[in-house]
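Q: Each chain, letter by letter, is given below.
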Amino acid sequence: MLVKDIMKTDVITLTANATVEEALHLLQKNHIRHIPIINESNHVIGIISDRDVRDASPSFLEEHNNRGGILTRTIKEIMSTPVVTTHPYEFFEEVASIFYQKEFACLPVVRDKQLVGIVTEKDMLYAFIQLTGTHSPSTQLEIKVPDQIGGVLSDVCQYFTKRNIKIVSVYSYPDPPKDVVYKILVFRIQTMNPMPVVKDFQNTDYQILYPYWEDNHEF
Amino acid sequence: MNSKQTAFIYTEEFLHYSFHEEHPFNQNRLLLTKDLLEMSGALCQDQIIEPQLIDEKWLYAVHSNDYVEAVKQASNGQEIDQHKYGIGTHDTPGFKHMYEASLITASGSLEACYQVLSGKVKHALNIAGGLHHGFPTRASGFCIFNDIAIAIQYIRKNYNLKVLYIDTDAHHGGDGVQQCFYDDPNVCTVSFHETGRYLYPGTGKISERGIKGGFGYCFNFPLDAFTEDQSYLEVFKESIESITEYFKPDIIISQHGVDTHALDPLTHLHCTLHIFEEIPKIINKLAHKYCDGKWVALGGGGYDIWRVVPRAWAQLWRVMNDDQIFEGKINLDWLDKWNKLAPFPLPLRMARL
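Line by line, the protein sequences are chains A and B.
If you use the working numbering, the first sequence corresponds to residues 1 to 219, in order.
If you use the working numbering, the second sequence corresponds to residues 1 to 353, in order.
Hints were generated in silico from the structure; no laboratory data involved.
Glycine is no exception: its CB is placed at the ideal position from the N, C-alpha and C atoms.
Don't take every hint at face value.
[Said to hold, decoys possible] Only some residues are given here: those of chain B computed to face chain A with a beta carbon under 8 Å: (1) LEU199; (2) GLY202; (3) HIS268.
All chains should be modelled from the sequences, with the hints used to inform the complete structure.
A: Structure (structure tokens):
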């Protein structure tokens, strides 16, 4: 998945001469937290976050007559620069690492020096929701498999093919987190009746993590 | 027993809704239920109403033209786009005359609404209905046409009444019915189901509350795997009573999937027959308190068709009919007849388990 697939293209921007008051207004009106600052050539020359603006804003506890002066100051004085940006053809997981490492949550997307989009933490989370497949009617199966070469994934998938069940999504995570021996494969499969395929797996070395009921003999 | 109060919608044609022998959705459970009721003397012939086949236009109140067309084609054995229409999949295979079988199923639910709204009866039951997963444009989770959504549209368009929809199937019916009325403040959908963490279809979170004008008219109660009677009923009773008081419906439509039972092979809730006695009693009381008795009950899931479904739906009918439940031993003639065909011994008592 590429940045261009998850970014927003209608970007709300300001120029460096805009005032703190304008920025404050834009943030509130559009429910956003970041505004890229551009010049007349549509180059990104800075960025402000709602925190920058709030730090620069007078306290609402302060007397009213002091507020005017601060609110008319320019964005140029408070914007962060230079700006970390990304490219539309960058992988979306790279954006996740940047957010994680740099501890911020917004990247302007720039191509040929032009601002073409913006990607935020929220777009990122939406992309992850799509990856997990929970947006489509399906049953979740988690399968513990040996982490090794040898066609494990293709072997596991055969069981779904054999039952004519569509795989809605698949991802994997290490189990336990630092162990290199096993992995959990998480499938969302398009069926309301997973029991035949669950039974198929019971005769294999793959371990299904699924809610198991106790023996029925208690009834 | 007041035979004028309650209609039992039934035709042999309901049994044609059949994917294949091994498929868990097996409408022979209708036969088992009806037989149990008749042999127990709880269902009189004059209460059984054969549904009138509905005009095809009612399908279009919910479903798209091309989907209905695709069902017709699959019904004639033609190849259709499996991925687009969801027919021919593991869950919902195509079968000969599936269009007719689905149409008569939906007709049953509309007939139930007609019986109640024309004042012929107070309550009507169509155990063939309750196919809550059907999408406007595709089949899903054993459901072809969404008879519930069609019935609610029928009520909304012909009678303009406020509809309370109660869904007690173990699977969330949100992809179908909830979605159809998600922005409609005149249709309040309430679902009690096993959490979608593992179980199909994965929706039904408490945060699904409706949108636009319909915000606040959708309620979801996801229950953890292995939930038992006491917790289930506590959640059900308390919430459905306050929701009904808040919404003040004109009519109640309820879906009675009975796959919440511990013996059900497809789900992981751990309830017993007891909840299938209590759920109808609670709904019955609410229907009389708020809707002058107007109540349409439908079937739904239920995949232990021998030990669970007949008794559970028999209790539902009994409550609708005279606000009583069956107690004690199960009818012996019924046991003799069906034990020969059952893959395991049938229960000997109506209650328990």
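Q: Any hints this thing doesn't respect? Which numbers, in order?
A: Going through the list in order, the structure violates no hint and respects every one.
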